[in-house]
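Engineer: In case you want the letters, here they are:
2 protein chains.
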Amino acid sequence: MSSSPAESRVWAVILAGGVGSRFWPVSTPGRPKQLLPLASERPLIADTVARIAPLVPAERIRVVTAPRLAGPIREAVPELPPESLLLEPRARGTAPALAWAAHEIARAEPGAVLVSLHADHAIEPAEAFRGRLAELAVLAAREERLFTIGAVPTRPETGFGYIRVGEPLVPALGVCAVADFVEKPDRDTAREYLRSGGYLWNTGIFLWRVDVFLSELADHTPEIATRIPLLDAGRVAEFFEAVPMLSVDEGLLERSERVAVAEATFGWDDVGSWDAVGRTRPTDGAGNVAVGDAHLVDAERCIVWAEDGPVVVFGGQDLVAVRARGITFVAPRERTPELKELLARLPERLREGVEE
Amino acid sequence: MSSSPAESRVWAVILAGGVGSRFWPVSTPGRPKQLLPLASERPLIADTVARIAPLVPAERIRVVTAPRLAGPIREAVPELPPESLLLEPRARGTAPALAWAAHEIARAEPGAVLVSLHADHAIEPAEAFRGRLAELAVLAAREERLFTIGAVPTRPETGFGYIRVGEPLVPALGVCAVADFVEKPDRDTAREYLRSGGYLWNTGIFLWRVDVFLSELADHTPEIATRIPLLDAGRVAEFFEAVPMLSVDEGLLERSERVAVAEATFGWDDVGSWDAVGRTRPTDGAGNVAVGDAHLVDAERCIVWAEDGPVVVFGGQDLVAVRARGITFVAPRERTPELKELLARLPERLREGVEE
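One line per chain: the protein sequences are A and B, in this order. In this text, residue positions in the first sequence follow our numbering: the first is 214, and each later residue adds one. In this text, residue positions in the second sequence follow our numbering: the first is 214, and each later residue adds one.
Same shape as in the complex, but just chain A (with noise of 0.2 Å):
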């Protein structure tokens, strides 16, 4: 089974532990983002599958997730075979998850590539998506490195982490340098951004060979890499006891010297809101997204979510209406990205089965 970096195959690791209020009041912590058709008919995450499965044979897709969301995960994605689902016994964030999800493809594999995605990202076109990702895999098995990818900004979005590129290292591929990881900038530094040109996305998306990925570990985050003889004797409830929260970006990617970002070439969006489904889904000719039972009359640019009988919308613009769980939301677009802020004001009893 095993196989020199210069022959690595390509494995997919799916993170699909996210809660999500963020489609309140669709989402639950039993039906988050993943579970919802955010991006077309069909759950995201199933649209994850989809979009890797010509590159990634579902026998090399790993998905790690919560127990609680396995069965639906299951329904979701019954292309997978059962092995694929690594459940978390406590969720730890990306780095411990990534660690654990390494460490297994690794002793299948140890030279593999592995993808990292999140299985809540709209990505537009799947054909661009792979063939990038098989021109960084060809590079990542030959090279020493963790590879992000950066999306090209198209608006001064506030919602997301960006990248700032620093010097070319692969010109002929799009592939430079991090100069730096920046936190979700303010609506003038995200038009700066924009403006200037250096910054990508930080899409969250990454490449990079298991064994270079565990040794960068064990280089630079001893709280985790300390407990990974845990998982060689098989006892993952308890390296999950013993590792802190902590991303990877945070634990590794801004500590080690061999992260590259590569520039996106395909759409990406990570769906933050009830208004990034106007850009992710499909809509008509007005604009408008209609899902489940719902009847737009002269409406413009709506999002309308008809799950607990119809839902009517006549002559609005720009709005939200959702009807789910028997709760009915409205509210213009623009304001959904603040949805948390809204529901820390609204009766203990309206946000039953949120989660932050």
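Source of the hints: derived by calculation from the structure; they are not laboratory data. You may find that some hints are simply not true.
Straight-line Cα separation of at most 20 Å, EDC-like style, residue types lysine to aspartate or glutamate; simulated pairs [unchecked claim]:
| # | chain 1 | residue 1 | chain 2 | residue 2 |
| --- | --- | --- | --- | --- |
| 1 | B | 553 | A | 511 |
| 2 | A | 553 | B | 511 |
| 3 | A | 397 | A | 463 |
Listed next, with one range per pair, are the computed distances between beta-carbon atoms [said to hold, decoys possible]:
| # | chain 1 | residue 1 | chain 2 | residue 2 | range |
| --- | --- | --- | --- | --- | --- |
| 4 | B | 562 | A | 396 | 48 to 54 Å |
| 5 | A | 496 | B | 263 | 46 to 52 Å |
| 6 | B | 499 | A | 395 | 36 to 42 Å |
| 7 | B | 253 | A | 291 | 55 to 61 Å |
| 8 | B | 500 | A | 379 | 50 to 56 Å |
| 9 | A | 396 | B | 367 | 50 to 56 Å |
| 10 | B | 562 | A | 401 | 48 to 54 Å |
| 11 | A | 492 | B | 557 | 28 to 34 Å |
| 12 | A | 395 | B | 408 | 56 to 62 Å |
| 13 | B | 499 | A | 496 | 28 to 34 Å |
| 14 | B | 340 | A | 492 | 53 to 59 Å |
| 15 | A | 498 | B | 495 | 38 to 44 Å |
| 16 | A | 492 | B | 500 | 28 to 34 Å |
Each residue gets a CB set at the ideal place from its N, CA and C atoms; glycine is no exception.
Once you have looked at the hints, place chain B on chain A.
Structural biologist: Frame of chain A, contents of chain B only:
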């Protein structure tokens, strides 16, 4: 029981037969507009009875309505004695309804002054309304005239009929001849009416002595007057079979020479659309109307009706958001006067329970 005109007592007839599809999805034939709390926390018909009660005691109030509404109306206005309800065997418009009511009242008190009200109007303040009716009732008791009330337009309303005001008849009381009844105008004409000042809204509120009304009916409305003997004989169902569908405006007021118009000294609205509820129901500091389990955060001038689970409106302006009978309806307020046109464009199943 009989009295001379000089000592006429005031009786009230409340027309409460309307169906109303203007408050879809809340209103139904079994719960039309007059049974909805559109101007206060109680149904419009309860407002109507409470408003007139200090002037006209319950035993001199008659409510003309459909048999199917008898139960809900008794429940809404339990203070009325059972004999108050006049149940029309079939709806034939306001002319037959008022002829029947006048005939019934004339049997008890031939010279009574009848005030004809609609069950579904919003009127404020009640004191001004009663004061105006009281002084006009004195006038109606001694003048052989049919008095209509005209409200001073406050906006270029296209949803009401108008009265063109003629020469003064009783200047001290603001009573004039009627030059013309005019149909609902288009927007430009309504603006001109508002600007010119010679026009009043036709409120459909009338005052007259029952003997004067029946005599005018005999002179001008043979299609009804010739059937009055059926009422004398107690054959009410046959009367309603025999008469044509006819409004009192068309059947008598536009034909009689004895019509006068009295300017209203109170605010009046016929609550013809969801938009109107923003004028007739009390609002919060931001101009919002919230009915039921409604939650408004950063919303302005919105009308939210939550009958069937909570409705949350976040950040919207000038919106109507309604949930009732399993249906969610969202529209900008300004589009709600077109609700009938909208309904015609919806699938049949969504219009269930709606009548013209």
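Engineer: Indicate, hint by hint, whether the structure satisfies it.
Structural biologist: Status of each hint after checking the structure:
no.	hint	result
1	553/B x 511/A	holds, 14 Å
2	553/A x 511/B	holds, 14 Å
3	397/A x 463/A	holds, 14 Å
4	562/B x 396/A: 48 to 54 Å	holds, 50 Å
5	496/A x 263/B: 46 to 52 Å	holds, 50 Å
6	499/B x 395/A: 36 to 42 Å	holds, 38 Å
7	253/B x 291/A: 55 to 61 Å	holds, 56 Å
8	500/B x 379/A: 50 to 56 Å	holds, 53 Å
9	396/A x 367/B: 50 to 56 Å	holds, 53 Å
10	562/B x 401/A: 48 to 54 Å	holds, 50 Å
11	492/A x 557/B: 28 to 34 Å	holds, 33 Å
12	395/A x 408/B: 56 to 62 Å	holds, 60 Å
13	499/B x 496/A: 28 to 34 Å	holds, 32 Å
14	340/B x 492/A: 53 to 59 Å	holds, 56 Å
15	498/A x 495/B: 38 to 44 Å	holds, 41 Å
16	492/A x 500/B: 28 to 34 Å	holds, 32 Å
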